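Chain residues, written in single-letter form:
There are 2 protein chains.
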Amino acid sequence: MMSSHVNIEIPTIDDVLEARERIKGHVKMTPVLTSSSIDEMTGASIFFKCENFQRVGAFKFRGACNAVFSLSEEEAKNGVATHSSGNHAQALALAARERGIKAYIVMPSTAPKVKVEGVRGYGGEIIFCEPTLEARERGLAEVIERTAAHFIHPYDDPRVIAGQATAALELVERIRDLDIVMAPVGGGGLLSGTSISVRTRSPGTAVYAAEPAGADDAYRSLKEGVLLPSVEPRTIADGLLTSLSALTFGIISSNVDEILRVDEENIILAMRHIWERMKVIVEPSAAVPLGAVLQHGNIFKGKRVGIILSGGNVDLTALPW
Amino acid sequence: MMSSHVNIEIPTIDDVLEARERIKGHVKMTPVLTSSSIDEMTGASIFFKCENFQRVGAFKFRGACNAVFSLSEEEAKNGVATHSSGNHAQALALAARERGIKAYIVMPSTAPKVKVEGVRGYGGEIIFCEPTLEARERGLAEVIERTAAHFIHPYDDPRVIAGQATAALELVERIRDLDIVMAPVGGGGLLSGTSISVRTRSPGTAVYAAEPAGADDAYRSLKEGVLLPSVEPRTIADGLLTSLSALTFGIISSNVDEILRVDEENIILAMRHIWERMKVIVEPSAAVPLGAVLQHGNIFKGKRVGIILSGGNVDLTALPW
Numbered sequence: 298m299m300s301s302h303v304n305i306e307i308p309t310i311d312d313v314l315e316a317r318e319r320i321k322g323h324v325k326m327t328p329v330l331t332s333s334s335i336d337e338m339t340g341a342s343i344f345f346k347c348e349n350f351q352r353v354g355a356f357k358f359r360g361a362c363n364a365v366f367s368l369s370e371e372e373a374k375n376g377v378a379t380h381s382s383g384n385h386a387q388a389l390a391l392a393a394r395e396r397g398i399k400a401y402i403v404m405p406s407t408a409p410k411v412k413v414e415g416v417r418g419y420g421g422e423i424i425f426c427e428p429t430l431e432a433r434e435r436g437l438a439e440v441i442e443r444t445a446a447h448f449i450h451p452y453d454d455p456r457v458i459a460g461q462a463t464a465a466l467e468l469v470e471r472i473r474d475l476d477i478v479m480a481p482v483g484g485g486g487l488l489s490g491t492s493i494s495v496r497t498r499s500p501g502t503a504v505y506a507a508e509p510a511g512a513d514d515a516y517r518s519l520k521e522g523v524l525l526p527s528v529e530p531r532t533i534a535d536g537l538l539t540s541l542s543a544l545t546f547g548i549i550s551s552n553v554d555e556i557l558r559v560d561e562e563n564i565i566l567a568m569r570h571i572w573e574r575m576k577v578i579v580e581p582s583a584a585v586p587l588g589a590v591l592q593h594g595n596i597f598k599g600k601r602v603g604i605i606l607s608g609g610n611v612d613l614t615a616l617p618w
Numbered sequence: 298m299m300s301s302h303v304n305i306e307i308p309t310i311d312d313v314l315e316a317r318e319r320i321k322g323h324v325k326m327t328p329v330l331t332s333s334s335i336d337e338m339t340g341a342s343i344f345f346k347c348e349n350f351q352r353v354g355a356f357k358f359r360g361a362c363n364a365v366f367s368l369s370e371e372e373a374k375n376g377v378a379t380h381s382s383g384n385h386a387q388a389l390a391l392a393a394r395e396r397g398i399k400a401y402i403v404m405p406s407t408a409p410k411v412k413v414e415g416v417r418g419y420g421g422e423i424i425f426c427e428p429t430l431e432a433r434e435r436g437l438a439e440v441i442e443r444t445a446a447h448f449i450h451p452y453d454d455p456r457v458i459a460g461q462a463t464a465a466l467e468l469v470e471r472i473r474d475l476d477i478v479m480a481p482v483g484g485g486g487l488l489s490g491t492s493i494s495v496r497t498r499s500p501g502t503a504v505y506a507a508e509p510a511g512a513d514d515a516y517r518s519l520k521e522g523v524l525l526p527s528v529e530p531r532t533i534a535d536g537l538l539t540s541l542s543a544l545t546f547g548i549i550s551s552n553v554d555e556i557l558r559v560d561e562e563n564i565i566l567a568m569r570h571i572w573e574r575m576k577v578i579v580e581p582s583a584a585v586p587l588g589a590v591l592q593h594g595n596i597f598k599g600k601r602v603g604i605i606l607s608g609g610n611v612d613l614t615a616l617p618w
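Top to bottom, those sequences are chains A and B.
Heads up: the first sequence begins at 298 in our numbering, then just goes up one per residue.
Heads up: the second sequence begins at 298 in our numbering, then just goes up one per residue.
Chain A on its own, in the form it takes in the complex:
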């Protein structure tokens, strides 16, 4: 191990089962919803695992919670830190509050007010920085130097991945005989965890990923067999802009059957169908898998498909229609 906050071991299903026990009582057992009109439209039977109903409105709370409660007393005593302008920021702040430790969140000064208030509402301490990756990393290094807080990366961390994996674990235990389970892919934490749970607990089920065509670094990386960065990603699915890490690339390379690219119009159409037909609020990133079903319909016809609806944090005053 390079340092106390880096651990490059690939999580196993035992880690996932331990994570489930560890975070029980903190996370919600989210429902699985179906929609006869979406099934009619797609010719598939789709089971939506509603992580948008998870605490903080996204699956991210599972991973953050597992990481925070995995820490020893010694590791936890100075709190935790991360840089994020997204759902991981709120998730880590809430997980830290539940453990009774501090959370330091480095956020770009341009972060939406609603996200800033979300982190503050959970008692997180915000350190603003310029909106560049370099400034965020420098800001984080300074915070850790000053506070000795424990860094929790949003996805490049086996404890986080094991936590995210518990969503798919619940799904395949509840809904049997799925042909495919599909998750969106950004940094790859959710997809890595999903693939570990599905491969081991439902070995007959294929694991698919859905990725915006405008941010297709995971697709290109798997095709080339080397980790390629996300270059100038452009998509409405703002949770999927990040690149895979070495850890998530390795897990996904071994476990994932296919990555499907989805155009913007199908992401927006899928989002609207979920809102209108299911009465469920999802953010654009969460709609990408249904977008893949709409765009690549022949793959899914007649199949039983599990989809992780990853989150529902969206600005209700700026909808894409």
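In case anyone wonders, no lab produced these hints; they're calculated from the structure.
Source: prediction; values computed, not measured.
Hints may be right or wrong, so weigh each one.
Which copy is meant is left open, so a pair is good if it fits within one copy or across any two.
Once the Cα atoms are required to be at most 30 Å apart in a straight line, the calculated DSS-like pairs of lysine-lysine come out as [what the hints assert, rightly or not]: (1) 325 <-> 600; (2) 325 <-> 412; (3) 321 <-> 598; (4) 412 <-> 399; (5) 520 <-> 325; (6) 412 <-> 598; (7) 412 <-> 321.
Please arrange chain B on chain A, whose structure you already have, making use of the hints.
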């Protein structure tokens, strides 16, 4: 009985249990959701029965389905008819399709396009009329004269009430020891059914209703002890504009502990909280009970409260914020 389509008997819990068996396989067993942030905000423990996830997006499908499947072959053979511009229209069209009979829906020519398309999508035959109550009733009489279809009223019908009652039945069987169950009140079908299920299956639980202050005919009727009509109702909760009937007034008078009036600003605030905190789409009418909790907070502090989220059919391009 006055005629084949009027039946003024008050439904019993046995009718409700029969309704549940009859509509099983057609209706969804909807989930009950909670929100720690709404609980924190209100000081209550609130359990939301999500009938907005019901087929056609509203509890109305339960009642329509029970009525349609209660018909004898003889009664059903010429189809069913109603006048409605709301959720009952779509509910009846879908229930009729599932039984394989025709549905004739009299709708005002001003009905929103999305509702018209909804009814058509379920195979209902639409007869347009002028947007007055008189024209609707005349239109309906003409349709029945022409087709000999069986009239299914949206709420003044014990079969419909028994169907609506199954939602609260599921709620009190799943969540024990509720102090209060609350439903919105318009024509009173949902509230009547709710009160029958709660009174008999959870006798220690109080039954409350929430009504827009701008359409408070049920509140005034109960206070005066006589059935008063809804006069020029004005509220964003467009599902709650109708008046009680003699049947629903009778049931509600016997069974309901309290009707709470809710101001428009609290309806809109409650609707926004449900969207933002729970990631769940509700129409304004469905938000009225949480609006009552916000407006009459002291009644609910420390209580376990079940709320029926009645529906989620809302125009996503015209939100009230």
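>> Treating 30 Å as the Cα threshold, decide for residue 321 and residue 598: within, between, both or neither.
In response: between (36 Å within a copy, 27 Å between copies)
> Given identical chains, is residue 412 near residue 321, meaning Cα to Cα at most 30 Å, within a copy, between copies, both, or neither?
Replying inline: within (26 Å within a copy, 42 Å between copies)
> Which holds for residue 325 with residue 600 at a C-alpha limit of 30 Å: within a copy, between copies, both or neither?
Replying inline: both (28 Å within a copy, 21 Å between copies)
>> Within a copy, between copies, both or neither: which one fits residue 325 and residue 412 at a CA-CA cutoff of 30 Å?
In response: within (21 Å within a copy, 35 Å between copies)
> When no copy is named, should residue 412 and residue 399 be tagged within, between, both, or neither for a Cα gap of at most 30 Å?
Replying inline: Within. Shortest intra-copy distance 18 Å satisfies the 30 Å Cα cut-off; inter-copy 50 Å does not.
> What label fits residue 520 with residue 325 when the C-alpha limit is 30 Å: within, between, both, or neither?
Replying inline: So residue 520 and residue 325 fail the 30 Å test inside a copy (36 Å) and across (42 Å) alike.
>> At most 30 Å between alpha carbons: which applies to residue 412 and residue 598, within, between, both or neither?
In response: between (38 Å within a copy, 29 Å between copies)
Of the numbered hints listed earlier, the single one contradicted by the structure is hint 5.
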